[in-house]
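Listed in order, the protein sequences are those of chains A and B. Each residue of the first sequence is one higher than the one before, counting from 66 in this note's numbering. Each residue of the second sequence is one higher than the one before, counting from 20 in this note's numbering.
Some hints here could point you the wrong way.
As the list claims (entries may be wrong) - Only pairs whose alpha carbons sit at most 27 angstroms apart, straight line, appear in this in silico DSSO-like list of lysine-lysine: (1) B:K96 - A:K411; (2) A:K411 - B:K128; (3) B:K128 - B:K87; (4) A:K319 - B:K96; (5) B:K128 - A:K473; (6) A:K473 - A:K368; (7) B:K96 - A:K368.
To be verified - Where chain B lies over chain A, by a calculated footprint (3+ residues, C-beta under 8 angstroms): (8) 229-243; (9) 653-660.
Stated by the list, open to error - With beta-carbon atoms standing in for the labels, derived distance ranges: (10) A:Q369 - B:K128: 35 to 41 angstroms; (11) B:K140 - A:K186: 50 to 56 angstroms; (12) B:A167 - A:K186: 45 to 51 angstroms; (13) A:A133 - B:R134: 44 to 50 angstroms; (14) A:V600 - B:R134: 26 to 32 angstroms; (15) B:A167 - A:E470: 28 to 34 angstroms; (16) A:Q633 - B:P150: 52 to 58 angstroms; (17) B:K140 - A:K368: 30 to 36 angstroms; (18) A:R420 - B:P150: 21 to 27 angstroms; (19) B:K128 - A:D405: 48 to 54 angstroms.
Just so you know, the hints here were simulated from the structure itself, not pulled from any lab data. We treat Cβ as the ideally placed atom computed from N, Cα and C, and that holds for glycine.
As a plain string of letters, each chain reads:
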Amino acid sequence: MLAGGRSLIGRLAFLLLLSALAASNALAIDSHNAVGLARDIKLAESPEWLSLLHYRDALTGRESAIDAKEFFFSPEGRTDPASELYATIEAFFTPASRWLPGSHPLCRYPARAKVVGEALKLAPGDLPRVECVEYDAYMERLDPGGVTLIFASAHMESPGSMFGHTLLRIDSGEKVGMLGSAVNYAASVDPEDNGFEFAFKGLSGLYPGRFSLLPYWEKIAEYGNMEQRDLWEYPLNLTREESRLMAMHLWEIKAVESDYFFLDENCSYNILFLLEAARPTLRLTSEFSGWVIPIDTVDLALKQGVASEPAFRPSPARIIDTLSATLSDEAVNAAKKLGDGDMEAKRLLESTLSREEKARALEIAASFTQSNYLNRRISLDRYRTRLFDLTTARSGLGITDVPPESLKIPATPQTTHHSTRVALTLGAEEEEGYVQVSLRSAYHDLTDPVIGFPEGSQIQFPWLTARKYQGDGVVRLQELGFVDIVSINPIDRFYKPLSWRVGFSLTRGLTTDDDLKFLLKGGAGGATWLKRDKVAAWLLATGRVVTSPDTLGSRVGLGMESGLVVNQTERARLLLEMSAHAYPYLGRGPDFSVAVRQSYGFNRDWAALLSIGRTKGDGFDRDELSLTLNYYF
Amino acid sequence: MKRLACLIVGILCFTTVAFAGGNTGCGIGTMIFEGKDGILWESLAVTTNQICANQTFGITFGTLGCDKPGSFAGNEKLTEFVASNLDTLTREIAAGRGESVNAVADLLKVAPADRATFSAKLQANFTRIFPASDVTSAVVVDRIVEVANS
């Protein structure tokens, strides 16, 4: 048959056979060829592949941020992108019969399948045909068309909330935001853990973190109705295809747990991986080494052009506040009575208030009633009756205009000063000059520019201050601070929160000898606006415990702290503080302190502070004057 | 103690969605979020950041154990939405505006140009949609659909 020339048909048949074999080889790509091709095109080093495995550059080469072994097909997958790629390709080619329905690797890793399929130019018939019922239902339900980055801002009564929280929202088409799907990364906390276990585990990565997907309306209810926090919604310019790819990747990591580190591998950090999977050219996670503060991730997304100006979703408390400001006193009083159940809607309808005022009062009262119920201040029966009464009355008043004031949007989170602060101070204490340097890791105190932050919130931890007097050659530790939290919450017609503070530090200036002492202080009281958003005053009953580090001898003081803050302009701020404590059982005199502090914020990065104060105690009386330059980064 | 630690590290512990009532009627006030309890909590009146535990992954349609409306079929999303957001929806239908009303309009495929009219129509028919304080979400869905089609 091979003999040349003997049989034309034979040669033709042979050629046909050869080309048929060649053609079928080209069609029947197997895992071996695919791996070879992937190697040739260096797919394992492509951003498309690396982003799906959450690889980061570590000291010893690449390492995935995902700790769970089950996420990888290769035993070296966590540190070797190539071995993981080839093992994944092998897994993709395994026949469907070897897997339970819906659990074939192609169903479990749709994003990887897409990236591999496109890079290797695989045809639909090349890979095994599989049915992915759950995955298909998931994608159909989500119907990803776009993605929004959500930032939950701080609530006044919660200084810790100043750190913020970020999550993503998958939107489908042009749908109403409320109908989107929220993607949230959080720690799985054991409810049995006590406070210290909780703090310790959160900081050291002993809680597993995982993604969850839930209706966005649930998040609105949590943040808005429960925690009274505003939400900022930053639209992302991900295309429909990129959004789909993100949803596909989310499916891949949905059950995977990573170690949750409160400080760095937290909610904000982990959702960045989803954005990088959607658009591998984005450099987000690599920009962070060390602390990750949620607002910084938003700033980065804005800087890289993937996020744009946010829409604002006010919390119900803020809406009540802005609506109340448009009403007469009579109407606000009525709204409060209605909300408390002290007045029936019928009475309001009979009053001489205008239709608009009645409508707004009823809306405020209904919202306030819902808040009362969610915070367990009233029973279900009372709630239902009251809400029904108020809403029925409101419906009868018809359509009214939205007051323009209620559409006012506060300063965006992008106006806040950065989280870490370094300060240089020139001062004089009792006419002896000094230079002082201070470093504070986080976050915001009452003298810092308040724009973008709630009034009266302070959280600092940790910080270190070193001082050198002009006469001395010595640089001394002036203060080592562990934590200092202040929550000044002015009361209003509707809400009457407590104001409080707690702090612990190692500091000088408390005693005659000016030695370092441990200071534990705390207290509670009330605050009020003297002029809404401009001037606030507070008075707290406080206690303090001063302990000598060497002898551990302590004294306990009881007294008060009071303060006044004036926001003169958007940038200038004046703070007056006063404290007095007596030491009843020790026969020592009381101590007092008073300080006036004028600060000015130039921008997000710089501020200046002029401070004058006096501290007087048993055996000492110190005047102090200083000028400080703060740099935030 | 846990609350104080949460304050200090600026995070807070979990909350879960819970069912307030044991009934299957699912009316106003039956979807609440549990979580805030404890003396320290009440006395400090503090809230902090949240880390949620035990959240489920898939979004499934369910009626969450509630009775299904007559017009359930083809309106699963609407049913779930109304059941989960009944309180806010009640307030916003009464006011004649609001995102939850907009969401209902969207789920009923009301064209954007017609939404103002739609909201006004729902408001005008408030007592038909919410005939009593213990109305269930199933009834509300049915009535909304009736009003929308009228």
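Each hint tested on the structure:
Using a Cα cut-off of 27 angstroms, the hinted pair K96 (chain B) and K411 (chain A) is violated, with the two alpha carbons roughly 36 angstroms apart. The straight-line distance between the Cα atoms of K411 (chain A) and K128 (chain B) is roughly 36 angstroms, outside the 27 angstroms bound, and the hint therefore fails. A C-alpha spacing of about 21 angstroms is found between K128 (chain B) and K87 (chain B), which places the hinted pair at or below 27 angstroms, so the restraint holds. In summary, the hint linking K319 (chain A) to K96 (chain B) is supported, as the alpha carbons are separated by about 23 angstroms, within the 27 angstroms threshold.
Between K128 (chain B) and K473 (chain A), the direct Cα distance comes to roughly 30 angstroms. Violation of the 27 angstroms bound is thereby established for this hinted pair. For the given pair, K473 (chain A) sits about 25 angstroms from K368 (chain A) by alpha-carbon distance, which is consistent with the 27 angstroms threshold. Restraint check for K96 (chain B) and K368 (chain A): not satisfied, since their Cα atoms lie roughly 37 angstroms apart, outside the 27 angstroms limit. For the stretch 229-243 of chain A, the stated coverage by chain B holds: 6 residues have a C-beta nearer than 8 angstroms to a C-beta of that chain, and at least 3 were required.
Residues of the stretch 653-660 of chain A with a Cβ under 8 angstroms from some Cβ of chain B number 0, which does not satisfy the need for three, so the listed coverage is violated. Distance hint check: the CB atoms of Q369 (chain A) and K128 (chain B) are about 36 angstroms apart, consistent with the given range 35 to 41 angstroms. Taking 50 to 56 angstroms as the suggested C-beta distance range, the pair K140 (chain B) and K186 (chain A) conforms, at roughly 54 angstroms. Under the hint 45 to 51 angstroms, the C-beta atoms of A167 (chain B) and K186 (chain A), about 49 angstroms apart, fit the expected range.
Taking the beta carbon of each, A133 (chain A) and R134 (chain B) are about 46 angstroms apart, inside 44 to 50 angstroms as hinted. Between V600 (chain A) and R134 (chain B) the C-beta distance comes to about 42 angstroms, which lies outside the given range of 26 to 32 angstroms. For the pair A167 (chain B) and E470 (chain A), the beta carbons lie near 33 angstroms from each other, so the given range of 28 to 34 angstroms is met. Checked against the hint of 52 to 58 angstroms, the pair Q633 (chain A) and P150 (chain B) passes, with Cβ atoms roughly 55 angstroms apart.
The hinted range of 30 to 36 angstroms is not satisfied by K140 (chain B) and K368 (chain A), whose Cβ atoms lie roughly 46 angstroms apart. Restraint check, R420 (chain A) to P150 (chain B): a C-beta distance of roughly 25 angstroms satisfies the suggested window 21 to 27 angstroms. In this structure, K128 (chain B) and D405 (chain A) break the distance hint of 48 to 54 angstroms, their C-beta atoms being roughly 41 angstroms apart.
When each numbered hint is compared with the structure, violations occur for hints 1, 2, 5, 7, 9, 14, 17, 19.
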